[in-house]
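If you want the building blocks of each chain, they are given just below.
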Amino acid sequence: MKPRSPNDHKFLWWRVRPITARRLANFRAHKRGYWSLWLFLFLFTFTLFAELIANDRPLLVWYDGGLYAPVLRDYSEQTFGGDLPTPAEYDKTLQEQIGKKGWMIWPLIPYSYKSPVKNLPKPAPTPPSWQNWLGTDYQARDVLARVIYGFRISVLFGLVLTILSSIVGVAAGAVQGYFGGRVDLYFQRFMEIWDSVPVLYLLIILSAFIQPDFWWLLGIMLLFSWMGLVGVVRAEFLRARNFDYVRAARAMGASSPAIMFRHILPNALVATISFMPFITSGSIGALTALDYLGFGLPPGSASLGELAKQGKEFATIAPWLGITAFVIVAIMLSLLVFIGEAVRDAFDPRKSAISSAPAAEPQPALPTAAAAPASGAIT
Amino acid sequence: MAEAPLLEVNDLAVQFRAGGAVIDAVRGVSFRIERGETLALVGESGSGKSVTALSILQLLPYPAARHPGGSIKFKGEELMGASEAKLRSIRGNRVGMIFQEPLTALNPLHTVEKQINEVLIVHRGLNRGAARQRTLELLELVGIRKAAKRLGAYPHELSGGQRQRVMIAMALANDPELLIADEPTTAVDVTIQAQILKLLNELQQRFGMGLLFITHDLGLVRHTCDRVAVMQSGQIVETGSVADVFRAPQHPYTQRLLASEPKGAPAPVVSGAEEVMATRGFRVWYPIKAGIFRHTVDHVKAVDDVAFRVRAGETVGVVGESGSGKSSLGFGLLRLVESQGPIVFVGRDIQALKYGELRPIRRQLQIVFQDPFGSLSPRMTVGEIVAEGLKIHGIGADDDARELMVVAALEEVGLDPETRHRYPHEFSGGQRQRISIARALVLKPKLIVLDEPTSALDRSVQVQVIDLLRKLQRDHNLAYIFISHDLAVIRAMSHQVVVMREGKVVEQGPTAEILTRPKEAYTRALLAAAFDFKADESGVVKV
Chain A
0 MKPRSPNDHK
10 FLWWRVRPIT
20 ARRLANFRAH
30 KRGYWSLWLF
40 LFLFTFTLFA
50 ELIANDRPLL
60 VWYDGGLYAP
70 VLRDYSEQTF
80 GGDLPTPAEY
90 DKTLQEQIGK
100 KGWMIWPLIP
110 YSYKSPVKNL
120 PKPAPTPPSW
130 QNWLGTDYQA
140 RDVLARVIYG
150 FRISVLFGLV
160 LTILSSIVGV
170 AAGAVQGYFG
180 GRVDLYFQRF
190 MEIWDSVPVL
200 YLLIILSAFI
210 QPDFWWLLGI
220 MLLFSWMGLV
230 GVVRAEFLRA
240 RNFDYVRAAR
250 AMGASSPAIM
260 FRHILPNALV
270 ATISFMPFIT
280 SGSIGALTAL
290 DYLGFGLPPG
300 SASLGELAKQ
310 GKEFATIAPW
320 LGITAFVIVA
330 IMLSLLVFIG
340 EAVRDAFDPR
350 KSAISSAPAA
360 EPQPALPTAA
370 AAPASGAIT
Chain B
0 MAEAPLLEVN
10 DLAVQFRAGG
20 AVIDAVRGVS
30 FRIERGETLA
40 LVGESGSGKS
50 VTALSILQLL
60 PYPAARHPGG
70 SIKFKGEELM
80 GASEAKLRSI
90 RGNRVGMIFQ
100 EPLTALNPLH
110 TVEKQINEVL
120 IVHRGLNRGA
130 ARQRTLELLE
140 LVGIRKAAKR
150 LGAYPHELSG
160 GQRQRVMIAM
170 ALANDPELLI
180 ADEPTTAVDV
190 TIQAQILKLL
200 NELQQRFGMG
210 LLFITHDLGL
220 VRHTCDRVAV
230 MQSGQIVETG
240 SVADVFRAPQ
250 HPYTQRLLAS
260 EPKGAPAPVV
270 SGAEEVMATR
280 GFRVWYPIKA
290 GIFRHTVDHV
300 KAVDDVAFRV
310 RAGETVGVVG
320 ESGSGKSSLG
330 FGLLRLVESQ
340 GPIVFVGRDI
350 QALKYGELRP
360 IRRQLQIVFQ
370 DPFGSLSPRM
380 TVGEIVAEGL
390 KIHGIGADDD
400 ARELMVVAAL
410 EEVGLDPETR
420 HRYPHEFSGG
430 QRQRISIARA
440 LVLKPKLIVL
450 DEPTSALDRS
460 VQVQVIDLLR
470 KLQRDHNLAY
480 IFISHDLAVI
490 RAMSHQVVVM
500 REGKVVEQGP
510 TAEILTRPKE
520 AYTRALLAAA
530 FDFKADESGV
540 VKV
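From first to last, the protein sequence lines stand for chains A and B. Quick note: the first sequence uses numbering that gives the first Met the number 0, first residue 0, plus one each step. Quick note: the second sequence uses numbering that gives the first Met the number 0, first residue 0, plus one each step.
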């Protein structure tokens, strides 16, 4: 049986509750944040397909009656009439060879983030040109290709870290707030100690033993970043565990996890969700800083921090490196902060009372309830 | 030439803008108050009575609020649209105001002395010494004992009654000609209410003030006011002398309000009815902890040595003022807080059972809370809320079977079953309380603890909820433990009464006997305050 409600609100294809509809309207009303979200989503989806946009291999090759997709898999040079069984490098000689018996489609930017550009007119780093729109870095790699890959890895790192630390943080905050008492006391003391561990020094020491990669960094950052959310979630649970509806659920015999997830967590989610964009921008900033200092992703990775570092080292002879790094990081973090502001406004109950969202006005069930907001605001 | 009336309000209108919508909170309200007269403005919540009172001193949140028309004349002077400077010279000076909740109306960071002094210094330009002298006089006037010692007290150090007295002292500081009292006794216990009313009456007679008394309680109006204006949805529907209006109400709404006193009595208990719950020597002691290791140094004895039993189809009313431990008793019996003493439920002591062992029994032990806004999870539909207990206890074969049970329960409490797809905020207080009852009822319990289920509701809604509870008790042979501070409601609901004070039982027995022939002085004081609004003279009730 399909549930039916007199005040149905739709968002895309989903049915949403009036309050959600009002929040969405509030989010849309925040013009800067709304456009930031679309721009960010566009950039993110665009860079997700970085391999198809910036690569040193063709997208498709038609050779001797056969269709090949070098972006997806390696072919040996022999496939295209070469001599060696090694993986094909699509350099000038091979291109000419393919051109004789077929054709190929290149990506928009025919360079990868890791391979140097050959046949540069000058020694690297070279300034922006028609071949390399943002120039090349000191290892002769195309900066635009590196920026596209670097944006993707930064955002992915930020999002994964945000999601994981939110899960851990919410769980920890929930347990502390819900059970309170001794659990809360000891957990809080532990966090005070744990929070004072200097993460940077830990990473410097660790990098002496291991070569940190994406997952290592994520793990180490996660060890410390989950504490950001504990405060708000714990406070929400401490407050809500004495609500009547939580008592009612307990009187009904509901188990503790059921009460925590079904009854209290939805309250804490508002605080969590408004926090998330800021955690993401914080994580991205941290990753960039680590890369800049040289304790981040392994050498050769597409990294905005590493680009900034080059920008510093070649500040006078190659200013485009530093400017690019600055602009990209600034745009990325600003977009996230704008989105965060809009999300925060959308969940702000005072904002939703004032802003005009006629479609989202909840319909009071009784005429007496209509006058209640008026008198309730004062008495 | 006749003197202009003290206050004359003509055709007052108030509008609020919220989002795009305009709400007419007050329309065409007119009344007048003469010197030395008490006018009561009566109405249920949302009727616009507080908004009317606040607009007299232009205290509404402008510009969200606005007055499309009307005039407010104080001794012939127009206040509507008067300059801020002029309004300031009248507010707190010639017109005093007392608010409902003294804890929030007093600044928690300032001492009593400082708050009253401020009024005197601002309006009279007194120096601190003279202001202190006057403050002391005022505190004695409003009956605060050892006033000199109380000057340095902060609001949280005072009891509810004392705080309300401080508020009155502040309002009286500059000998106002008109006093506006907005539900001045709603937040205090009945025995304190009686004292505050007595004080207001005495002060009014002594200084010849006009008094605008705003309340939702008609019983109170009958005993304290000269004239009454009844408000409904922003309009005055009837005005007249208290004697006339109470004898022959003209407007149907007034008639309905007057008829909405809780009446009747519960159906008698069948002889030989099964004993559902019994306890003796029942205690709820909250430990007071101190030191680094949080060891227990003392206890707050919220419930101390209570014994009673309740049979199927019977209601035990637990009555007491705030802090008497009546809610702790209810929570303790359901094992929602720790307690000592046997809790025998249908012949089995459930005190020692573990949480898991208790779960199957919980189905038969339900609770309905006071606050109909707080007791329903705001993020679940009504259907989900009512069905939750069924899911927990695995009742019903599948979701469809459970939905049928939910529909039946909603119908039984008088709600349209289609409401199950809606969320709690779409309902009025009375409807939410019906949802809470449906949630308890759907599990087919044997005992329901009702913790002030009618206190947050308007009188007319209260009566409906009481009728519903009595009907359900008859139909299902339910046992109730009915917790309330309201003796009128207790009288209409209970077979047995337990009168509690400071955690101890003052008196207990059959309702008729306790309410007609109380043995203890405290019970007598409580009854006099609740039914006749008479202040206690024997000294049993502390100020």
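Treat the hints as calculated values from the structure; they're not laboratory data. Don't take every hint at face value.
Said to hold, decoys possible - Simulated coverage check for chain B against chain A, where a stretch passes if three residues somewhere in it have a Cβ under 8 Å from a Cβ of chain A: (1) 202-214; (2) 246-258; (3) 431-442.
What the hints assert, rightly or not - Ranges of calculated distance between the beta carbons of each label pair, as one might list FRET restraints: (4) B:HIS424 with A:LEU47: 58 to 66 Å; (5) A:ALA28 with B:LYS145: 54 to 62 Å; (6) A:LEU268 with B:ALA351: 50 to 58 Å; (7) B:ALA20 with A:TYR33: 21 to 29 Å; (8) B:GLY355 with A:PHE325: 42 to 50 Å.
Said to hold, decoys possible - From the derived model, a few chain A residues whose C-beta atoms are all more than 10 Å from chain B: (9) VAL196; (10) ALA253; (11) SER254.
The beta-carbon is built from N, C-alpha and C at its ideal position, and this holds for glycine as well.
Hint-by-hint comparison with the structure:
1. 202-214: With 0 residues in contact (Cβ-Cβ under 8 Å with chain A), the coverage given for the stretch 202-214 of chain B is violated.
2. 246-258: violated (count 0)
3. 431-442: holds (count 3)
4. B:HIS424 with A:LEU47: 58 to 66 Å: 40 Å, violated
5. A:ALA28 with B:LYS145: 54 to 62 Å: This hint holds: roughly 57 Å between Cβ atoms.
6. A:LEU268 with B:ALA351: 50 to 58 Å: 38 Å, violated
7. B:ALA20 with A:TYR33: 21 to 29 Å: 24 Å, holds
8. B:GLY355 with A:PHE325: 42 to 50 Å: 60 Å, violated
9. VAL196: 25 Å, holds
10. ALA253: At roughly 5 Å from the nearest Cβ of chain B, ALA253 (chain A) sits no farther out than 10 Å, so the non-interface label is violated.
11. SER254: Given a closest Cβ separation of 8 Å, the condition is violated.
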